[in-house]
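Assemble the whole structure, with the sequences as input and the hints as a guide.
2 protein chains.
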Amino acid sequence: MDTGQIFLKGQPLPSEWFSGNAFLTPLVARDKNNEFSAGSVSFEPKARTNWHTHPKGQVLIVMEGNGFYQEKDKPAQRIKKGDVIIIPENTEHWHGATAVNKMVHIAITNYKDDVQVTWLEPVTDEEYESVNI
Amino acid sequence: MDTGQIFLKGQPLPSEWFSGNAFLTPLVARDKNNEFSAGSVSFEPKARTNWHTHPKGQVLIVMEGNGFYQEKDKPAQRIKKGDVIIIPENTEHWHGATAVNKMVHIAITNYKDDVQVTWLEPVTDEEYESVNI
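Protein chains in written order, with the working numbering: chain A, 161 to 293; chain B, 161 to 293.
Possibly wrong hints are sitting among the right ones.
Given that identical chains are not distinguished, each listed pair holds provided it fits within a single copy or across any two copies.
[As the list claims (entries may be wrong)] Computed cross-link-like contacts, SDA-like style, restricted to lysine to any residue with a CA-CA straight-line distance of at most 25 Å:
id	residue 1	residue 2
1	Lys232	Thr278
2	Lys169	Gly242
3	Lys232	Asp191
4	Lys241	Pro172
5	Lys206	Lys241
6	Lys272	Glu249
7	Lys192	Lys232
8	Lys241	Val260
9	Lys192	Lys234
10	Lys192	Glu252
11	Lys234	Glu195
12	Lys232	Glu287
13	Lys272	Ala189
14	Lys232	Glu289
15	Lys241	Phe183
16	Lys216	Pro186
17	Lys232	Val188
Hint data in this document are derived by calculation from the structure and do not stem from the laboratory. Computed from a predicted model, the values in this text were never measured in an experiment.
Here's what the structure looks like:
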């Protein structure tokens, strides 16, 4: 039976950089041709990244569910299955599930030299609840 | 209702480069950060690419169905939902659906200078039938 799930849920992501229950299945490693890595990230309801930046941007392709993408000092965008989000370089943002839905996205993350991400502070419960109204 | 399909089927791909009914939905365009394009390609049963090469490789992520990936002078590999195929540079190959199943994959195709692909001859019916046994 086809359950609809494409990738394994994967391994838990660290609470240092994620709030709630988030999981990663790596799909593509950087090599001489692919100057990025790619993976499937599953967020259970309420789970989200910390605020963070990417020195050479990132692409999110939403596979399942409903969530949010928010850049600092801008309104949160609701994102859903089939959506593609092009995240610019050096732009503080977070992404994650809604409070009541899971969300799964593929992330394609470019390298600048050997850096993909700079992690910042958690999205507080107050910040998170303010977009879930 | 969630039908399971993530992306639109998209626009027909040209018979010059594809046999049978194949469709493309573009997802990501090349820009200053993303040195690739990405799209969702749907192959109806029997549809396949021509033989071709990529100067800086390609990544396929199978979203749905069953198909084949074959490099020249090697056995065809059966590919299915959840599989990831890392295609090396300058390696003659084709991919497509099986004779009885559809197949949908995301393709992430790197640029070398301004070139992504060099198209070659069609996969003949004889070549295609020989892997569908």
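So, going through the hints one by one against the coordinates:
no.	hint	result
1	Lys232 with Thr278	within (15 Å within a copy, 42 Å between copies)
2	Lys169 with Gly242	both (18 Å within a copy, 12 Å between copies)
3	Lys232 with Asp191	between (32 Å within a copy, 22 Å between copies)
4	Lys241 with Pro172	both (22 Å within a copy, 23 Å between copies)
5	Lys206 with Lys241	within (17 Å within a copy, 28 Å between copies)
6	Lys272 with Glu249	both (10 Å within a copy, 22 Å between copies)
7	Lys192 with Lys232	between (33 Å within a copy, 22 Å between copies)
8	Lys241 with Val260	within (15 Å within a copy, 27 Å between copies)
9	Lys192 with Lys234	between (36 Å within a copy, 23 Å between copies)
10	Lys192 with Glu252	between (28 Å within a copy, 18 Å between copies)
11	Lys234 with Glu195	neither (29 Å within a copy, 27 Å between copies)
12	Lys232 with Glu287	within (11 Å within a copy, 54 Å between copies)
13	Lys272 with Ala189	both (15 Å within a copy, 19 Å between copies)
14	Lys232 with Glu289	within (15 Å within a copy, 55 Å between copies)
15	Lys241 with Phe183	both (17 Å within a copy, 19 Å between copies)
16	Lys216 with Pro186	both (19 Å within a copy, 21 Å between copies)
17	Lys232 with Val188	between (29 Å within a copy, 23 Å between copies)
Hint compliance for this structure: hint 11 is the single one not met.
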